[in-house]
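*Asks:* Residue-level listing of the chains:
There are 2 protein chains.
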Amino acid sequence: MADAPDNTPPVAPASAVTPLDPTELQDAWALLLPDERLEYLMSLPRPAAEDLFLALPSSDQLEVLTQMPGADRRSWIRLLPADDVCEVVREAPDESRQSLLDLLDVQTLREVQAVLAFREDEAGGLMNPRYAALRPDMTVYEAISYLRRAAGHVETIYYSYVLDPEQRLLGVVSLSELFRVADQSTRIRGVMRTQFASVREDTPDEEAGRILADQDVLALPVLDEQGRMKGILTVDDLVDVIREAATEDMQKAAGMEALDAPYMKIAFWPMIKKRAPWLCVLLVGGMLTATAIAHYEDEIARAAVLVGFMPMILSSGGNAGSQASMLCVRALATGDVRLRDWARIFRKELAVGLVLGCILAAIGMLRIAGWQTAFHSYGGHWMLLGLTVSLALVGVVVLGTLVGSMLPLVLRKIGLDPAVASAPFVATLVDVSGLVIYFTIANLVLRGTLL
Amino acid sequence: MADAPDNTPPVAPASAVTPLDPTELQDAWALLLPDERLEYLMSLPRPAAEDLFLALPSSDQLEVLTQMPGADRRSWIRLLPADDVCEVVREAPDESRQSLLDLLDVQTLREVQAVLAFREDEAGGLMNPRYAALRPDMTVYEAISYLRRAAGHVETIYYSYVLDPEQRLLGVVSLSELFRVADQSTRIRGVMRTQFASVREDTPDEEAGRILADQDVLALPVLDEQGRMKGILTVDDLVDVIREAATEDMQKAAGMEALDAPYMKIAFWPMIKKRAPWLCVLLVGGMLTATAIAHYEDEIARAAVLVGFMPMILSSGGNAGSQASMLCVRALATGDVRLRDWARIFRKELAVGLVLGCILAAIGMLRIAGWQTAFHSYGGHWMLLGLTVSLALVGVVVLGTLVGSMLPLVLRKIGLDPAVASAPFVATLVDVSGLVIYFTIANLVLRGTLL
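Same order as they appear, the protein sequences are chains P and F. Quick note: the first sequence uses numbering that gives the first Met the number 0, first residue 0, plus one each step. Quick note: the second sequence uses numbering that gives the first Met the number 0, first residue 0, plus one each step.
With the rest of the complex left out, here is chain P (with noise of 0.2 Å):
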């Protein structure tokens, strides 16, 4: 158990409970303003602090770290990993980032500028430079031992890396695997894996964070173009990636750029900047359907109720579209699905789409036969006109699913990011050709009676 806090009386309202349990001391945390958190944080046991300080996201260590007088700043961020350092660097605005730098021991200072030379959503950006190397002639005996030396020193001491004296990865053995081993003089040459999921300095998080959960490992070795071991990632890190993935997926499956920051913490400008740029798009978009409906204009002035239903059939085909394509943007995304499917997609959901359809199609038709029954409210053509709005549902419902299926394959074909076709996207390219569809079916259909 940690040392009881001194006696002096708490600094912050909620350092007044001082929990001690990691979430709760968590949670106090968020509950803190900024300028109560650093006090905080020292009136807190050392160990307890240091935990807390450890598990803090990097915006929040960078916060810290500024607040703090310059004496403490340095033993505080050499508690930090390398590929921690990396991140609260990353934080800083670019004129404090030098002085950071610059309280780092020379050996992490290597590996940060090693790890800053890539992006951060690139593997060489998120990786850890130390991790456990070993020599393929070491007895597993050993290997034990020097790793509870690494212990510590290193991301991980569960994962060995076996190097040969170039640095090419030869192969891995996890520290479970050592214990296994009976004959504690075996060299690790033969209880070695050599087949290995690996990633490459250059390989987007994300696709290392597929790799990572699909081979049920607990770290990744990131090799440079000649097969050369530069780091590590490991879970704890994609774990993050894969949930900031999907938190950017779904922001701009609504239409907008991903914001790249919790919701509370972007100010008011950049959210606006995130935000805008899409609702101009659509909008102007939009504006195609008030061309559109200037086509129609005669079609509006003879049979005014045909507008009634308007809405009610575009937003249908946008919905249809919606739920395409956000199927497939998230099947893309994790692999269920890929390019080469597209013909089974585009059955299934031609399929699916004119079962839809139909089943909207009824619940129309009921609709329109309702108010006729209770308020007489379509005149004598009422068939013609459940007939029309049932046709127009089918119709859109169709290309709604086909329309929001088949763009994000079109978009990851030529190179784009599947995400575009967000629901609002889909549904403002469906809506022109809606307005087509429905027009077009209301003059084979009504032309004579209410046209």
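Hints listed in this document are in silico derivations from the structure and should not be mistaken for laboratory results. Predicted model, so just to flag it, every value in this text is computed and none were measured. Treat the hints with care, since some could be wrong.
Each pair may be met inside one copy or between any two copies, as identical chains are not told apart.
As the list claims (entries may be wrong) - Under the rule of at most 20 Å between Cα atoms (straight-line distance), these lysine to any residue pairs were calculated in the SDA-like manner:
id : residue 1 : residue 2
1  : K347      : V280
2  : K272      : L162
3  : K272      : A350
4  : K272      : V354
5  : K412      : M41
6  : K272      : D101
7  : K273      : D163
8  : K273      : Q225
Once you have looked at the hints, place chain F on chain P.
*Replies:* Chain F only, in chain P's frame:
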């Protein structure tokens, strides 16, 4: 290195290559038709086949087990750790579950049944009941010796759980920490952490995933109500949970039920059942717009030009609402935002909505002015028409952002899933009130001129 495959000719096209890299093996697997898979697996050298089998999703493991001759089934299912066996049994149809359970040894059977007593989306239903347990009065030397023997029999030896005689959890210690203890005769009591994160058997899996991600640990202990240790949840279980939770949230956000299966695997009618209900609800909701429009028949008859801008204005409200709802739903899911933040969110979205609305209003005004200059489309009162459209855009965008951001909070407050506030749902809610806003503004601005 695994033995080379024997010289029998390849049984399936993909196996002609016999790649042994795990990622390539999995890619090759994904390309096979279901009835080629067992043959392919059996064509691999046994160690590679076992590794591939262990890495497969549980639905594929079940498929392979089912196709196997009964004699092989026992040895293959016994390769799986208890928690993976549970997933396979859960995938199996009710009538064949017992025959799978009959293949297990007595101890595994007891453990599997304990896990099956909980729901799959609870910690108790996901946990592995085999973990490394230590007594507090063991020495570090004894503990490491025990872990050597336990390697391979427990889910992980990297975390040990220190229990009292009643199986209550006293502390947690990692193997790395044990390795760092200089004096191996130290008692475990003195090195274990007594402050640790844990979950209860009925903790929802998504919450457990969030705790694991926030704590940066590789495993979480699962306790019963009396604080007795029941099993552990490891990061590889929870990585899948985190990915699946994101997929489900996205599918709900698109206005459908969560598929609970990969897109390419779900059958036709189950797919319809997941997608049709919300489309029908939204259609019925959309019918309210037909009713609302009927109220404005006079206005439409007198100024048909108003109809042209209707879909564009309604879509803008829906799009702004879609952004706001997705941001709030996701922020609630990741814990970035809590219910008590509602007033801050309200103020933020009100301000964001006003700015976004003004930007769109400016574009709308430009569009009308442009068309008027180029085509004289809107007659003498085009400025008043522009004013109407612009004011309506501000109104619906503010309405959209407020409804979109507040609805998820209200749903959470009354105990419903915030994800029900999907983009299409918010759009449909905003449509009717958007129509009222548009025509009310039109009546105020255009009374005496166009109307």
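*Asks:* Hint by hint, note whether the structure agrees.
*Replies:* Outcome of the hint check:
1. K347 / V280: neither (30 Å within a copy, 23 Å between copies)
2. K272 / L162: Classified as neither: same-chain Cα gap 48 Å, cross-chain 54 Å, threshold 20 Å.
3. K272 / A350: between (40 Å within a copy, 14 Å between copies)
4. K272 / V354: So K272 and V354 pass the 20 Å test across copies only (11 Å; inside, 40 Å).
5. K412 / M41: Answer is neither; intra-copy 53 Å and inter-copy 35 Å both fail.
6. K272 / D101: Answer is neither: 34 Å inside a copy and 60 Å across each miss the 20 Å cutoff.
7. K273 / D163: Close neither inside one copy (48 Å) nor across copies (54 Å); limit 20 Å.
8. K273 / Q225: neither (40 Å within a copy, 48 Å between copies)
This entry does not satisfy hints 1, 2, 5, 6, 7 and 8, going by the numbered hints stated previously.
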